[in-house]
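So the sequence lines, in the order shown, correspond to chains A and B.
When we follow the working numbering, the leftmost residue of the first sequence carries the number 1, and every step to the right adds one.
When we follow the working numbering, the leftmost residue of the second sequence carries the number 223, and every step to the right adds one.
For the record, the hints were derived by calculation from the structure and aren't laboratory data.
Heads up, a few of these hints could be off.
What the hints assert, rightly or not - Some chain A residues near chain B, calculated using beta-carbon distances under 8 Å:
(1) Val44
(2) Met51
(3) Gln55
We treat Cβ as the ideally placed atom computed from N, Cα and C, and that holds for glycine.
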Amino acid sequence: MIVAERKPIEEILGQVKQVRSVLVLGCNECVTVCEAGGKKEVGVLASALRMLFLQQGREVNVGERTLERQCDTEYLEEIRDMIDAFDAVVSLACGVGIQFTAERYPSKAVYPGVNTCFMGAALERGVWSERCQGCGSCILAATGAVCPITRCAKRLLNGPCGGSTAGKCEISKDVECAWQLIIDRLKALGRLEDYERLSPIKDWSTDRAGGPRKIIREDLRS
Amino acid sequence: MRLGYPSSIRIIRVPCTGKVDVLHILRCFERGADGVTVVGCREGDCHYQTGNFRAKKRVQQAQAILEQIGIGGTRVRMCNLSSSDAPLFVRFAQEMHAAIMDAGPNPVRTARMLQRASAGTTAALQQP
């Protein structure tokens with residue numbers, strides 16, 4: 001999932017200090033699962049904003065709505081009838097949803113309520129860890145399903161480097177060496193010969209190096 | 223035992239403190255409550271294993287939010303006791319009552335009253 005963190009309330013308040021009405025807009029997908037921007041977080045932020053505005057002596061209408069997704073036009077259309085009642089939107093979706101909401105409603109100011117962090121997995125409740133950088137050319141088949149692009153600090157394709165000590169990366173004792181994980185995994189699978197093969201130079205044009213990316217599937221286009 | 227406790231306290235029953243969410247606590251303050259005490263079973267005695275521990279974390283989250291918005295985190299607290307321990311409940315209730323009396327009224331309620339008074343004055347002035 002896309003993992004995000006809630007922004008501090010003071011920062012959000014700074015964004016909406018001029019508005020007379022604001023819609024707090026949540027998303028039912030990734031940000032709900034990582035408890036940063038779902039229906040519950042929308043309720044908490046809206047409640048906090050209402051109490052803050054009251055104490056400041058400001059009459060601000062704070063609305064609440066949570067969409068199934070903010071990255072699909074059909075769901076964003078659901079707020080078409082209500083959006084005119086608000087000066088601004090604080091979106092608790094990931095950066096994709098925030099931008100797409102702004103694109104669909106160009107006359108509205110859309111502010112971020114979360115910091116979008118990475119694509120990751122939940123290790124336990126309240127702990128998330130990055131697992132994919134969306135490089136566009138997956139090499140997990142060769143690395144025993146451990147991604148060195150994401151989990152190696154140097155994104156090495158033929159590791160480990162000299163900074164690997166007792167299975168940990170030199171950047172922190174809390175960070176596992178991705179290449180140690182790869183070797184352990186390949187050993188467990190009986191595929192250590194894969195480790196001996198040198199990886200060719202990676203095509204980074206599918207990563208951010210090639211600029212903003214776009215996928216067009218003609219078989220799906222209407 | 224028929225022990226008395228401050229009449230300012232209103233009891234809201236929940237199946238387990240694990241049911242109490244940050245949003246429930248914030249809504250109390252939004253509606254004018256001066257303080258909230260979450261009363262859970264003793265730690266280790268939860269019928270649902272971890273309900274009171276979850277409540278404890280949510281109380282901490284609510285405290286942080288209330289601190290950020292100027293209401294004050296000390297207006298929310300969690301206490302743990304056995305359902306048969308009436309004297310301890312009374313003590314907690316009295317302590318909370320005293321703490322709230324010290325802290326004063328919920329600033330949101332005061333602000334709302336001022337807002338209504340101001341709206342009433344404006345309406346009265348606008349009348350012919």
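Here's how the hints hold up against the structure:
1. Val44: Status holds, d = 5 Å.
2. Met51: 5 Å, holds
3. Gln55: 5 Å, holds
The structure fails none of the hints (numbered hints given earlier).
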